[in-house]
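If you read the sequences in order, they're chains P and C.
Just so you know, the first sequence maps onto residues 22 to 364 in our numbering.
Just so you know, the second sequence maps onto residues 19 to 427 in our numbering.
You may find that some hints are simply not true.
Stated by the list, open to error - Short derived list, chain C residues pointing at chain P, Cβ under 10 Å:
#  : residue
1  : Phe56
2  : Glu114
3  : Leu116
4  : Ala147
5  : Asp250
6  : Glu285
7  : Ala287
8  : Val291
9  : Gln390
10 : Ala406
11 : Gln408
Simulated from the structure, these hints should not be mistaken for lab results.
Yeah, the Cβ is synthetic: ideal placement off N, Cα and C, and Gly gets one too.
So the chains spell out like this:
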Amino acid sequence: MKHRTFFWFILPSLAAMILFIALPTVSVAIQSLFVEHEQVMVEVENCGPFKCETVLQVDNEATAALQEDAPLGRFNGLGTYTNRKHLAFEQVGVAWNETESLGAFLSELLNLPFYKALIFTLTFTFVVTPFVIVLGLGVALAVNTVPRLFKGPTIFVSLLPMIVTPLVGALIIFWMVDADGVIGATLQRIFNNPNLSLKASMPLTWIMLIVYGIWSSTPFSFIVFYAGLQTVPKETLEAAKIDGASRWQAIRYVVVPYMMPLVVFITLMQLMDNFRVLEPIVAFQASAKATSLSWIIYNDLRGGDIPQFGSAGATSILTIIGVAILLTPVLIRTWRDFNRKRA
Amino acid sequence: MSFMKSFAIGTVATLMATAAFAECEIASGNVNVLANDFPALKAVTAAAAECTGGVTVSANHNKDFRNITVQALTANPAEYTAVVVANSSIVPLLNEGLLRPLDDLVAKHGQGLSKNQLITIDGKIMAIAFMANAQHLFVRQDVLDQIGKPVPATWEEVVETGKAIKDAGIMDHPFAFLSMSDWNLGEEFVNMYLGHGGEFFKPGTAEPAINNETGVATLNMMKDLVSLSNPDFLTYNTATVVPIWKSGDLAIAQLWGSSGGELLAGEGAAEGVAENTVLASAPTVAGGDTPASTLWWDGFTIAKNISDEDAEATFIAMMNGISPAMVEANNDAAVWLMDAYNPGPAATGVAATATGGAEPYPMLPYMGLLHQAFFEELPDFLQGNESAEQTLADIEAAYIAAAKEAGYL
Chain P
22 MKHRTFFWFI
32 LPSLAAMILF
42 IALPTVSVAI
52 QSLFVEHEQV
62 MVEVENCGPF
72 KCETVLQVDN
82 EATAALQEDA
92 PLGRFNGLGT
102 YTNRKHLAFE
112 QVGVAWNETE
122 SLGAFLSELL
132 NLPFYKALIF
142 TLTFTFVVTP
152 FVIVLGLGVA
162 LAVNTVPRLF
172 KGPTIFVSLL
182 PMIVTPLVGA
192 LIIFWMVDAD
202 GVIGATLQRI
212 FNNPNLSLKA
222 SMPLTWIMLI
232 VYGIWSSTPF
242 SFIVFYAGLQ
252 TVPKETLEAA
262 KIDGASRWQA
272 IRYVVVPYMM
282 PLVVFITLMQ
292 LMDNFRVLEP
302 IVAFQASAKA
312 TSLSWIIYND
322 LRGGDIPQFG
332 SAGATSILTI
342 IGVAILLTPV
352 LIRTWRDFNR
362 KRA
Chain C
19 MSFMKSFAIG
29 TVATLMATAA
39 FAECEIASGN
49 VNVLANDFPA
59 LKAVTAAAAE
69 CTGGVTVSAN
79 HNKDFRNITV
89 QALTANPAEY
99 TAVVVANSSI
109 VPLLNEGLLR
119 PLDDLVAKHG
129 QGLSKNQLIT
139 IDGKIMAIAF
149 MANAQHLFVR
159 QDVLDQIGKP
169 VPATWEEVVE
179 TGKAIKDAGI
189 MDHPFAFLSM
199 SDWNLGEEFV
209 NMYLGHGGEF
219 FKPGTAEPAI
229 NNETGVATLN
239 MMKDLVSLSN
249 PDFLTYNTAT
259 VVPIWKSGDL
269 AIAQLWGSSG
279 GELLAGEGAA
289 EGVAENTVLA
299 SAPTVAGGDT
309 PASTLWWDGF
319 TIAKNISDED
329 AEATFIAMMN
339 GISPAMVEAN
349 NDAAVWLMDA
359 YNPGPAATGV
369 AATATGGAEP
379 YPMLPYMGLL
389 HQAFFEELPD
399 FLQGNESAEQ
409 TLADIEAAYI
419 AAAKEAGYL
């Protein structure tokens, strides 16, 4: 294709990408470098139904004048990134100097909101992603052997977790694991422990969230693998059979290598998706036991009466950087493969 | 969805204007009310919507209303002409200067208002309060009779009574409060800390002052209480606890006064629960003499960025919304501040808490940030992962980071 034709060909999608992806990201990045103006405070007397008291109040006119001059707020550079709510350089430094053992340092580190969220986010990502790939492939292979008549309904049922809205799916499971719910009550019976609660223990909450993550993402990898399975060349499979390969060997040495590009694709998608885990934490009301980077952003914007845009912006940018770091090894591998094939 | 539904209810109510409120005639104007979503507020907006004439009245009831107030009122003209707020949700609107002083409208149309309904800030009336709310104790008289104890008057007695109920084998988890790890948990800390006589900030500044013995005592009391609560306590909000109370699995709970009507009516409750539900003042703590609770008011405010005509129409409609006729028709839906209100059994808890001298929730611009720091850091302590001192230090550090970003420090 000529460069000129190519340019005109991708212009619409390029424009859409700039408008809907690049510009918002840039605006978030800029926002994260600013904090709000110093609030000009005045002492006023407030009276309500219960009593009067003298308190500090924001001086609207003075603050409005400041805002007029610089609508973005005060420039803070990377200050928001390094404060306690984010990378917390100062606190990490103090913890490093003052703790004796690595364990003590780690427990200090996990007391900081960003690192606490990061550790859950990474655990979630690295446990859910491989499970989703293996299970998705397993389900796809199983469905592929189902007689033609039952294939449609089986595929539909397998896709259900993906069809159900994530928040609704999570809520349904949340009610089921409640001490009075089907799963919760059954577990109490099995372990003969009336105080067993999936919501009250941190490890069980993590397991619950991870199981939910696997449940809700597996259909995606299943459907991709299932589509891929239809294109595996029959001749190669038959040749393998003639050579005496068992079903397992045929899968291991024919199907899986053939599907490798799909595995890479799903890994990429899942790493990105799982790193941004939010819905299950909200729906399972699990923020006391597990927080994620996306949950921190949500909490900054929606947790209290005053939204903290700068802080939310900084966490968003850190999330993007995190995703980029996670994807780098996969992308490098793909790039090498691509070059090798071209050569 | 809830927006469309509320909108439809508002519109239908407008169409169904009844003779009882026929005195409200507004020639023209546009009234659009944004409010939280609970029955008492719906009664107010429905009554406001009964005004007739050229005026159009609609209302949006939304649980997440506080997340949209600032943006909705910043627009010019504002998206809503009135917002129903409480002590805390009025603060962001005041901080941005989005509310209209109501002195002239009160002088012109507010003859029926009593003085304690006027929320004045720096001498200017900024809101008209119409109902009060507070968290207070709910107890099951039959369970207390079984172990022969009186209604607890202090939190220490609550712990003692709760243990007695547990030891008697009546219930495993006799106590609950609204300890969900969001705004609710922060509110419990605020209540308990004020009950201990604590101050949140160094006088005249936005610097936190909670890392002290009062803070430690507050945390220890909260830990004693959660040990009597279900291990799921970090997921307990009003929507969770009210059904548990109705099922008869709780003996003592600290809940919002606004739940009183529902629990006394006992719809869907197990047998014998509603009859034995007693509403009492919030207890005192650590030898203090004021109940460990905060007083809240709900009231309406009027947007600044609207025409004077709409503002006047809104004020008249909202005055009709809180009219004596509305109070009479919905007497037990809330603790109303209007003279026409006839306090019923559902109001006893709030009334006792208010006369006991509980503090109003602090209406400070930076209180919301401290409140948020409370609920972000408290679960670590309540789950036994760290010491009280460490938690208090964490709360202060989290607040300072947020307050610096918001420009208060």
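Could you work out which of the previously given hints the structure breaks and list their numbers from low to high? 1, 6, 7, 8, 10
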